[in-house]
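Make a model of the complete structure from these sequences and hints.
Residue numbers (this note's numbering): 280 to 374.
Simulated from the structure, these hints should not be mistaken for laboratory data.
Misleading hints may appear alongside valid ones.
What the hints assert, rightly or not - Under the rule of at most 20 Å between Cα atoms (straight-line distance), these lysine to any residue pairs were calculated in the SDA-like manner:
#, residue 1, residue 2
1, Lys-285, Val-295
2, Lys-285, Asp-308
3, Lys-285, Ile-316
4, Lys-307, Ile-287
5, Lys-334, Val-323
6, Lys-314, Ile-290
7, Lys-314, Gln-326
8, Lys-307, Asp-286
9, Lys-288, Ile-311
10, Lys-352, Leu-340
11, Lys-355, Asn-345
12, Lys-288, Lys-314
13, Lys-352, Asn-363
14, Lys-328, Gly-339
15, Lys-297, Ile-313
16, Lys-334, Asn-345
17, Lys-314, Asp-325
18, Lys-352, Arg-362
19, Lys-328, Glu-318
20, Lys-314, Ser-284
21, Lys-321, Ile-290
22, Lys-314, Glu-289
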Amino acid sequence: MDDLSKDIKEIVDYFVYKLARNVELTEKDREILIKLILEFEKLVADQIKINENLKRLEEGLAKYENDYRELGKRAKELEERVRNLERLIFQQKYN
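Given below as structure tokens:
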């Protein structure tokens, strides 16, 4: 667990302790709690954006992979056509 996670856990534990004991929160406690909630909301929003971007990247990669496979198939077909044309040219030249 990194230092930030430990700090967050300690702060959350502090508020859980106070709330569980019905200890009244000070004005400073409320300010900190509001900041924590707002920061958490930003983190959740950022994570949602990251997940959406990741999904788009995965979809783009899948499309790229599909296009690459299709190009490979077309390249093989074209190679076969070139070989067939070379055979025809050779046959016409020597027959």
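Given the hinted pair Lys-285 and Asp-308, is their Cα-Cα distance within 20 Å? holds (18 Å)
Straight-line Cα separation of Lys-355 and Asn-345 no greater than 20 Å? With a Cα-Cα distance of about 16 Å, the restraint between Lys-355 and Asn-345 holds, given a limit of 20 Å.
Holds or violated: Lys-328 and Gly-339, Cα atoms, limit 20 Å. Since the Cα atoms of Lys-328 and Gly-339 sit roughly 16 Å apart, the hinted pair holds (cutoff 20 Å).
With the threshold set at 20 Å, check whether the alpha-carbon distance from Lys-285 to Val-295 stays at or below it. holds (15 Å)
For the pair supplied as a hint, Lys-352 and Asn-363, is the alpha-carbon distance within the 20 Å limit? holds (17 Å)
Starting from Lys-285, check that the Cα of Ile-316 is at most 20 Å away, please. holds (17 Å)
Holds or violated: Lys-307 and Ile-287, Cα atoms, limit 20 Å. Given pair Lys-307, Ile-287 holds - Cα atoms ~16 Å apart, limit 20 Å.
Given the hinted pair Lys-314 and Ser-284, is their alpha-carbon gap at most 20 Å? holds (16 Å)
Agreement of Lys-314 and Glu-289 with the hint, judged by alpha carbon distance not exceeding 20 Å: Distance of about 15 Å is within 20 Å: holds.
Lys-352 and Arg-362: Cα distance at most 20 Å? holds (15 Å)
Is Lys-288 close enough to Lys-314, meaning Cα to Cα at most 20 Å? The hint holds at about 15 Å.
Proposed proximity, Leu-340 with Lys-352 (alpha carbon, max 20 Å): The given pair, whose Cα atoms are some 18 Å apart, holds under the 20 Å limit.
Comparing the model with each earlier hint shows no violations; every hint is respected.
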